[in-house]
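Number of protein chains: 2
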Amino acid sequence: MLRGNYLATVDEKGRVKIPADFLEQLRRSGKKFYVTSTQGDCAHIYPMKVWEEKERKLAKVSSHNRAKQKFLARTNYYGQVVEVDGQGRILIPPVLRESAEMKGEVDVQGKLTYLEVWNHARFLDNMNRNPITAEDEQALEQLGI
Amino acid sequence: MLRGNYLATVDEKGRVKIPADFLEQLRRSGKKFYVTSTQGDCAHIYPMKVWEEKERKLAKVSSHNRAKQKFLARTNYYGQVVEVDGQGRILIPPVLRESAEMKGEVDVQGKLTYLEVWNHARFLDNMNRNPITAEDEQALEQLGI
DNA sequence: CACCGAGTGGGAAAAAGTGGTTGAAAGTGG
DNA sequence: CCACTTTCAACCACTTTTTCCCACTCGGTG
Chain F
1 MLRGNYLATV DEKGRVKIPA DFLEQLRRSG KKFYVTSTQG DCAHIYPMKV WEEKERKLAK
61 VSSHNRAKQK FLARTNYYGQ VVEVDGQGRI LIPPVLRESA EMKGEVDVQG KLTYLEVWNH
121 ARFLDNMNRN PITAEDEQAL EQLGI
Chain S
1 MLRGNYLATV DEKGRVKIPA DFLEQLRRSG KKFYVTSTQG DCAHIYPMKV WEEKERKLAK
61 VSSHNRAKQK FLARTNYYGQ VVEVDGQGRI LIPPVLRESA EMKGEVDVQG KLTYLEVWNH
121 ARFLDNMNRN PITAEDEQAL EQLGI
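Top line first, the protein sequences correspond to chains F and S. Each step along the first sequence adds one to the number in the working numbering, with nothing skipped, and position 37 is 37. Each step along the second sequence adds one to the number in the working numbering, with nothing skipped, and position 42 is 42.
Some hints here could point you the wrong way.
Stated by the list, open to error - Dumping the calculated EDC-like pairs for lysine to aspartate or glutamate here, alpha-carbon to alpha-carbon at most 16 angstroms:
| hint | chain 1 | residue 1 | chain 2 | residue 2 |
| --- | --- | --- | --- | --- |
| 1 | F | K111 | S | E55 |
| 2 | S | K17 | S | E105 |
| 3 | S | K60 | F | E141 |
| 4 | F | K13 | F | E83 |
| 5 | S | K32 | S | D85 |
| 6 | S | K13 | S | E105 |
| 7 | S | K70 | F | E135 |
| 8 | F | K68 | F | E55 |
| 9 | F | K13 | F | E98 |
| 10 | S | K31 | S | E52 |
| 11 | F | K70 | F | E55 |
| 12 | S | K54 | F | E137 |
| 13 | S | K70 | S | E55 |
| 14 | F | K111 | S | E52 |
| 15 | S | K70 | F | E141 |
| 16 | F | K103 | F | D41 |
| 17 | S | K111 | S | D21 |
| 18 | S | K54 | F | E141 |
| 19 | F | K31 | F | E52 |
| 20 | F | K13 | F | D85 |
| 21 | S | K57 | F | E141 |
| 22 | F | K68 | F | E53 |
| 23 | S | K103 | S | E116 |
| 24 | S | K103 | S | D41 |
| 25 | S | K103 | S | E12 |
| 26 | S | K31 | S | D85 |
| 27 | S | K70 | F | E137 |
| 28 | F | K31 | F | D85 |
| 29 | S | K13 | S | E83 |
| 30 | S | K70 | F | D125 |
| 31 | S | K32 | F | D21 |
| 32 | S | K70 | F | D136 |
Simulated from the structure, these hints should not be mistaken for laboratory data. Here the structure is a predicted model, which means the values were calculated and not measured.
Build the full structure now, drawing on both the sequences and the hints.
In structure tokens form, the structure reads like this:
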């Protein structure tokens, strides 16, 4: 399971080094990955098998389902199949790189089954704009968390 | 159960020695730990099993729950899976080390199932800013505490 | 006073990360 | 359809960081 956050950098060619900790786990699920996004604000990196599982589930949903259509339109627009290079880096597709402002420092975050890559400053900013309130803490406590 | 407070120091490499008392207990729950934070003001050190239990509880909550989302975003951002080294030290992830001002003297506090690590001066300061009032004492007394 | 365990610092080897070059392939124009 | 240009991916070489381990100090205890 992929957990936690690592700082990384995007070089001029748009390559991001996958932190060794994640890489080791990811290598087990093959060398192909699907890099995409739903909102264009960050990159999602799925091992191909995980992505295909998502596709299978989507296939079962009616093709007139609005949510499904939007999801497909976006993930298809931003997406690309990539492989990790010999140095453990993957290439972020240009369209996505631009819309998610992928340059300089980025956060590579483990989301258990896939990775999310964020512009470091942007993620921090989003987070700070949404502080945890006293109500939030109360709600969590009631859930026993 | 982890109880009480120990002074420790963070060295230049960002390592903190876990007090021997805590270490002995923690060793029983495996060698992997999840170091994270909810507010970025201190480090939380969970034995992996304890953390996974939290994850399980969270998984049952609707994914649209605001409190849950904020909690996950933060604990993921600040978090990292770590192991204790041969000298009983653990490494605080860089992002967290910075935001929680982890350098020099720190307090390592037992919170029964996990540890909290605070910048010593900062914790003392917070505490002094929030003195126990006569009303607080009265309230406690009425609770039979 | 000597020994033992806890804590601290630091050095060397290994791993992780970075940048650049080259060769192949794809794209473009004549 | 061929020749030339450009782009991209694969590979190589170097730098930096991290990890692992060794050795020392300090304080408490027999």
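Query raised in the report: Which of the listed hints are not met by the structure?
Result: none
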